[in-house]
Amino acid sequence: MSDTGPLLEVRDLHVRFRTRDGVVSAVNGMSFTLDAGETIAILGESGSGKSVTAQAIMGILPSKTATIPQGSIRYRGTELVGLRERDYRQLRGAKIAMVFQDALSALNPVTSVGRQVSEMFRVRGDMSRRQAKAAAIEVMSHVGIPDPARRFNDYPHQFSGGMRQRVMIATMIALRPSVLIADEPTTALDVTVQAQIMDLLKELQRETGTGLILITHDLGVVASVADRIAVMYAGRVMEQGNVDEIYQRQANPYTVGLLESIPQIDERVGRLPAIPGLPPNLLAVPPGCPYHLRCAMPIDPCFEDPAPPFTQVAPGHHSMCWRAEEVYAGERVAR
Amino acid sequence: MSADTAVPAPTVEVAGLSLRQLAWRRLRRDRGALIAGTVLILVFLIALFAPLITSMIGINPYDFDATALDPSKGSLPAGPWGSMSWEHPLGVEPLTGRDLLARLLYGARVSLFIAVTSVIITAIVGTVVGIIAGYKGGRWDTVIGRGTDLLLAFPQILMLIALSPVITQRLVAMGLAPDVARVFYLIIVFVFFGWPYLARLVRGQVLSLREREFVEASVAIGAPTRRILFKEILPNLWAPLIVYVTISMPTIIAAEATLAYLGVGIIEPTPSWGKMLADSVRFFTVVPSYLFIPGTALFIVVFAFNVFGDAVRDALDPRAGRG
Ligand SMILES: Nc1ncnc2c1ncn2[C@@H]1O[C@H](COP(=O)(O)OP(=O)(O)OP(=O)(O)O)[C@@H](O)[C@H]1O
Ligand SMILES: [Mg+2]
Numbered sequence: 001m002s003d004t005g006p007l008l009e010v011r012d013l014h015v016r017f018r019t020r021d022g023v024v025s026a027v028n029g030m031s032f033t034l035d036a037g038e039t040i041a042i043l044g045e046s047g048s049g050k051s052v053t054a055q056a057i058m059g060i061l062p063s064k065t066a067t068i069p070q071g072s073i074r075y076r077g078t079e080l081v082g083l084r085e086r087d088y089r090q091l092r093g094a095k096i097a098m099v100f101q102d103a104l105s106a107l108n109p110v111t112s113v114g115r116q117v118s119e120m121f122r123v124r125g126d127m128s129r130r131q132a133k134a135a136a137i138e139v140m141s142h143v144g145i146p147d148p149a150r151r152f153n154d155y156p157h158q159f160s161g162g163m164r165q166r167v168m169i170a171t172m173i174a175l176r177p178s179v180l181i182a183d184e185p186t187t188a189l190d191v192t193v194q195a196q197i198m199d200l201l202k203e204l205q206r207e208t209g210t211g212l213i214l215i216t217h218d219l220g221v222v223a224s225v226a227d228r229i230a231v232m233y234a235g236r237v238m239e240q241g242n243v244d245e246i247y248q249r250q251a252n253p254y255t256v257g258l259l260e261s262i263p264q265i266d267e268r269v270g271r272l273p274a275i276p277g278l279p280p281n282l283l284a285v286p287p288g289c290p291y292h293l294r295c296a297m298p299i300d301p302c303f304e305d306p307a308p309p310f311t312q313v314a315p316g317h318h319s320m321c322w323r324a325e326e327v328y329a330g331e332r333v334a335r
Numbered sequence: 336m337s338a339d340t341a342v343p344a345p346t347v348e349v350a351g352l353s354l355r356q357l358a359w360r361r362l363r364r365d366r367g368a369l370i371a372g373t374v375l376i377l378v379f380l381i382a383l384f385a386p387l388i389t390s391m392i393g394i395n396p397y398d399f400d401a402t403a404l405d406p407s408k409g410s411l412p413a414g415p416w417g418s419m420s421w422e423h424p425l426g427v428e429p430l431t432g433r434d435l436l437a438r439l440l441y442g443a444r445v446s447l448f449i450a451v452t453s454v455i456i457t458a459i460v461g462t463v464v465g466i467i468a469g470y471k472g473g474r475w476d477t478v479i480g481r482g483t484d485l486l487l488a489f490p491q492i493l494m495l496i497a498l499s500p501v502i503t504q505r506l507v508a509m510g511l512a513p514d515v516a517r518v519f520y521l522i523i524v525f526v527f528f529g530w531p532y533l534a535r536l537v538r539g540q541v542l543s544l545r546e547r548e549f550v551e552a553s554v555a556i557g558a559p560t561r562r563i564l565f566k567e568i569l570p571n572l573w574a575p576l577i578v579y580v581t582i583s584m585p586t587i588i589a590a591e592a593t594l595a596y597l598g599v600g601i602i603e604p605t606p607s608w609g610k611m612l613a614d615s616v617r618f619f620t621v622v623p624s625y626l627f628i629p630g631t632a633l634f635i636v637v638f639a640f641n642v643f644g645d646a647v648r649d650a651l652d653p654r655a656g657r658g
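The listed protein sequences derive, respectively, from chains S and B.
Numbering follows the working numbering, with no gaps: position 244 of the first sequence is 244.
So the mapping is simple: the working numbering equals the position in the second sequence, first residue as 1, plus 335.
Just so you know, these hints were derived from the structure itself, not from any lab.
Certain hints may be false.
Unchecked claim - The calculated lysine-lysine pairs, modelled on DSS-like cross-linking and capped at a C-alpha distance of 27 Å, are:
id	chain 1	residue 1	chain 2	residue 2
1	S	64	B	471
2	S	64	B	566
3	B	566	S	95
4	S	133	B	566
Unchecked claim - A partial selection of chain S residues facing chain B, derived with a Cβ cut-off under 8 Å:
id	residue
5	19
6	60
7	110
Unchecked claim - Reference listing, derived: stretches of chain S covered by chain B, where coverage requires no fewer than 3 residues with Cβ under 8 Å from a Cβ of chain B:
id	region
8	89-98
9	114-124
10	286-295
Note that CB positions come from ideal geometry on N, CA and C, so glycine has one too.
Let's have the full structure, built from the sequences with the hints guiding it.
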């Protein structure tokens, strides 16, 4: 395994699903990179392809219906697209791990939580049952589960939502992966608990230098946790850049709409209030910019292929828009 | 970091128990389960020690006793209630005068052996096949699905009658005694026609379990398929499996009776509950007790199985209420 390049590099990723109704183009040219110790937030409306991107990175797309017709995912220089299942299995959990949205459904209801945390050590760490138990108790205490030795044999339903999410995090960080994907890790939780879980993730990341991919709807979380943001729409990155940059100066009408649509940053928004209109049908993505139908300031080229280029408006700040410069310069995005 | 307070666990007292301990504890508190379990253990012990018990009482399932029969009534039992007496506590069999208690006890051996063996083998085969069909999907599922359809569509009874002599002869040729060969034939047949039902049931369960997030999560930690199947999916199948087992035990004993009635079941002189039931029907109007004896025994066992099975299923569900 060569040690060149960024920790994780996703380039021009495309994911399609064969369905009864036709081919769904869920991801259409997603690109981003992630360095060690960095947090990138992937933001976007429901159906924009965030989870599919995560699944593609984990290599857990449904093998019967999903294909990656184009693009590459490199982990420390190793190509993951098309990697043999046997080799992929070595990476999962140990190098790249994923915290699921709803810990209740991501934990096996009939297996004790301790067993499930130990599982990682047993499966991947080649430990004996007893060693794995000790290691699991340690990591459980590390993520803030009180009295883990006593609660080792409890079942997921006996834990509160926040504790369950901690259990899952304990499992996923057990082997200190270098990439951790968290797919909406806090949407199922109360606001106060959300903050605790985010703090925990942040703290663990500081300790281990893990690269974190945070998929979320919660713009408040993004601001406090992420280094960079990638805003997704219809399976593409519309805008990408430094968090503070993007919060202050957007270079894409979609991001502008997205940020405007939050009434107040700390009000809890389960799903983002919609920008007028709907995302395009992924069975037949229209030509040109996928956002043109809802955009407040479209111009002719937006309706035609090719899609707008990824324009750099400032160092490290890119936007996929023909009018990126104008938006960035502060031109009003009229409604 | 401050911990969010865990929901005051509704089951504080059971915290720290493994599922097996938890289930055991729950079972011990369930009076119905205790009674049913005791009955089942007793029945199995009686079956196991039938030769000892019968010889202690001084009865024997094979000996003809002409003195208990009345030749003038066409060799029906001489006394009332199938000629119950100290010598024959449950009366005798019409025409032969063999002791019914002894035949009931020996019959339990045969019937329970057939039922338990068939159910265990069926459960294993059906579960494995069902899991493969449900988890692997695709071609596996198609082939297995068609196979089970075919078997379920078979005219089973007809096949049973037709194949009986052939297979029994094979088994005899392999060195089994004819009556033992029949026992094995019955087991083979029950497994052969039994697994498709279970495979379908399990397949359906696995199909939905497979989509559950914890399976995906398990894939995401790099667990090999074998581990996912047996550590993640199988533990979620205990409930339907137990239901299946409790339902099919009595079904098999009843099927054994049907086959005995059709002449392809257990053969003379070996007794079985099914065979006793089948034989007794002819004499029901004159010696009703002959039918009631194996009937009651079967009823008790079936009932105990159901009560016990329900209790075990509930006890094994970690989400079910109090400890
Ligand atoms: N297995 C699948 N088969 C067919 N289509 C799928 C499959 N998984 C996802 N999709 C489609 O891909 C698109 C992107 O889905 P994805 O789950 O990535 O959205 P998301 O951005 O995570 O949304 P949310 O915020 O609601 O989680 C959706 O249109 C979805 O219907
Ligand atoms: Mg999602």
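For each hint, the structure was consulted:
Between residue 64 of chain S and residue 471 of chain B the CA atoms are separated by roughly 10 Å; this keeps the pair inside 27 Å, and the hint holds. Distance hint between residue 64 of chain S and residue 566 of chain B is fulfilled; the C-alpha atoms sit about 23 Å from each other, no more than 27 Å. At roughly 23 Å between alpha-carbon atoms, residue 566 of chain B and residue 95 of chain S fall within 27 Å of each other, so this suggested pair holds. Proposed proximity of residue 133 of chain S and residue 566 of chain B is supported: the alpha carbons are some 16 Å apart, at most 27 Å.
Given the 8 Å rule on beta carbons, the hint for residue 19 of chain S is violated: about 15 Å separates it from the nearest Cβ of chain B. The closest approach between the C-beta of residue 60 of chain S and any C-beta of chain B is roughly 5 Å, which is under the 8 Å cut-off, so the hint is satisfied. The interface hint given for residue 110 of chain S holds, since its Cβ lies 5 Å from the closest Cβ of chain B, which is under the 8 Å cut-off. A stretch counts as covered by a chain when three or more of its residues have a beta carbon under 8 Å from one of that chain; for the region 89-98 of chain S and chain B the count is 8, and the coverage holds.
For the region 114-124 of chain S, the proposed coverage by chain B is satisfied: 4 residues have a C-beta within less than 8 Å of a C-beta in that chain, meeting the threshold of three. Requiring three or more residues with a Cβ within less than 8 Å of a Cβ of chain B, the coverage given for the region 286-295 of chain S is violated, as only 0 such residues are present.
The earlier numbered hints that this structure contradicts are 5 and 10.
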